[in-house]
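A.B. asks: Each chain is listed here by its residues.
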Amino acid sequence: MRENRFESKLMKMYASMLMIRKCEERIGDLVASGKIKTPCHLYIGQEAIAVGVCAALKKEDVVFSSHRSHGHYIAKGGNINKLMAELYGKITGCSKGKGGSMHLACMDIGLIGSSAMVAGGIPLATGAALAFSLKRKSNVAVAFFGDGATNEGVFYESLNFASLKKLPVIFICENNLYSTHMPIAATLADTRIYKKAEIFNMTGIQIDGNNVIEVFDKINDVVKSARSGKGPALIECLTYRWRGHVGPNLDLDKGLRSKEELESWMGKCPIKRLERVLKLSKREKEEASRGIEQKIEQAVSFAEKSRYPKKEKVFSDIFK
Amino acid sequence: MRKITYAQAINEALYQLMKKSPNVFVIGQGCTSPWYVGSTTSGLIEHFGNDRIIDTPVSENCITGVAVGAAITGMRPILVHPRMDFMYYAMDQIANHAAKWSYMFGGQSSVPLTVWGIINRGGEQAAQHSQSLQAIFSHIPGLKVVMPSCAYDAKGLLIASVKDGNPVVYIDDRWLYSHKGEVPNKMYTVPIGKGISRRAGKDLTIVATSYMVYEALLAAAVLGKQKIDTEVIDLRTIKPLDEELIFKSVKKTGRLLIADAAWKSCGVASEISALVSENCFGYLKAPIKRITLPDTPAPSSSALEKEYYPRAKNIVIAVKNIFNKK
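Here the protein sequences line up with chains A and B, keeping their order. With our numbering applied, the first sequence corresponds to residues 734 to 1053, in that order. With our numbering applied, the second sequence corresponds to residues 271 to 596, in that order.
Any given hint could turn out to be false.
To be verified - Computed spacing ranges between beta-carbons, pair by pair:
#1 A:Leu-985 - B:Gly-319: 26 to 32 Å
#2 A:Pro-916 - B:Leu-574: 46 to 52 Å
#3 B:Leu-574 - A:Gly-886: 31 to 37 Å
#4 B:Gly-319 - A:Thr-924: 27 to 33 Å
#5 A:Ala-922 - B:Gly-319: 37 to 43 Å
Stated by the list, open to error - In silico negatives: residues of chain A with every beta carbon more than 12 Å from chain B:
#6 Asn-814
#7 Phe-949
#8 Lys-1015
#9 Val-1047
In case anyone wonders, no lab produced these hints; they're calculated from the structure. For each residue, glycine too, the CB sits at the ideal point set by N, CA and C.
Turn these sequences into a full structure, and let the hints steer you where they fit.
C.D. replies: Printed below as a string of structure tokens:
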């Protein structure tokens, strides 16, 4: 048993990253076999960001996700059965089969929602931070978004407003180097995304998004600062998505990126890096994997056995 | 009962809503400005401070998203767009987020947001400062749209919008701001989804929205002298429409004119015309008429504005046409 408190926290983060990885791999297979039809944007390779960020948050802190939402849902503590059922379009899904892969939410864990409009969640998180501020609560709101979202005007509008009002919001840019098919150098005049904070008089830092300990530490710092009323921060997490923009394929055959590039990033696997830090034995790794795989299979079976929503559900939930 | 102006009625509703609940706040461009929102926010900042009367940078999409985010997480924001024209900047947050949030997540959360859009037309302000966009917002599932035509409704519908618990687009018209009417001191609501008959009649039904209710009543008085007995229905809510009220009246009169000061094509008047054709066809004694804006942007010159904005006289001419009178 690992008794050191920090190590036990790291073990939790390890388990969470592994859950995301294995879930996403299984989901990829289910998409390939046609069992899951909703468009899935897989999070494989980026696990350290969701997990490192959420580990620095309290349950009452809120998170807004994007189209690539599975990792955030799992890292914030979402129920795997409900995730899988949602991807299957079943009534037992977290969004009752109305949202699909891109619209996961779970109010109980503070995942307020996931918007598939690029940058759509950024002003929403800013608004949640305004609500905390008006209610004199010391909670923080987090917006997860990709590098592509920094092409949107509302990103800059939100940085300005959040900084102007010193709102407790943390902007997490997961820079995986591609905006769908476009490499960021083809979309940004200055690819140093963290620099964009400076003009809004806000903390902006670039970190290694594949190092969960670094993510956790840095987010911990900015969250503490935001809680104490010192305002927002923009964190650029450098990372790489192993699969294509959407779906289970690697997309190496489309001329968008090279095998060498992918392999070099696979060499920086966030999970293997933490395994080395924790000096996990083969047996410990196998045990962790087995437990997680069991939970995932239970979730798949739960999703398959669940019912589809009744047709009249088309008309419900439009309004409260 | 005391009489106050439409603008004072809005001001009173804002004051009472904010006094009653700490979750209500006003946010938007120009909400502390002396000219952007008329006198509707007078005195509020002195009472509630700039924490709860939040004037903002010119960032319509962001600020709308901020209001949506605050609404989802427990507040009841009143978001003001001092001209509806500026709401195009915020369409993503209104149409893709506020309107879809409840549905998209299976009803886990709602968006108790009032989006207050002001029609501020005339005065040679031209095409980008004059628009009436009720049809656009009514097209989108997940939004409710209300248009008060008098001081009583301005207060009652604003309170109802904030209490509703869903995204409500509250559209007022600066041309109504100085109109006086009887308004109770206490807080009250005008039900969303219900229209009202403002004048009973047996020969013809005029269904009107917002300011056009006033013009329709002027027209009805003129028509009365010519022995045409006109019923005037004030829609109050554009979405969801009070279909029953319209059908009942058309079944009685057999003639319908719709007056809506917005564009003709695919507009509110078109929707009502279609509904009546579908549901009351056998009762119609004459073709349905629409009095709307022409399908053009708003011009600047006052000479052109006179042609552009429909008035009571346009309604009178159209009605006489229905009855084949000169």
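A.B. asks: Provide an ascending list of the numbers of those earlier hints which the structure does not satisfy.
C.D. replies: 1, 4, 9
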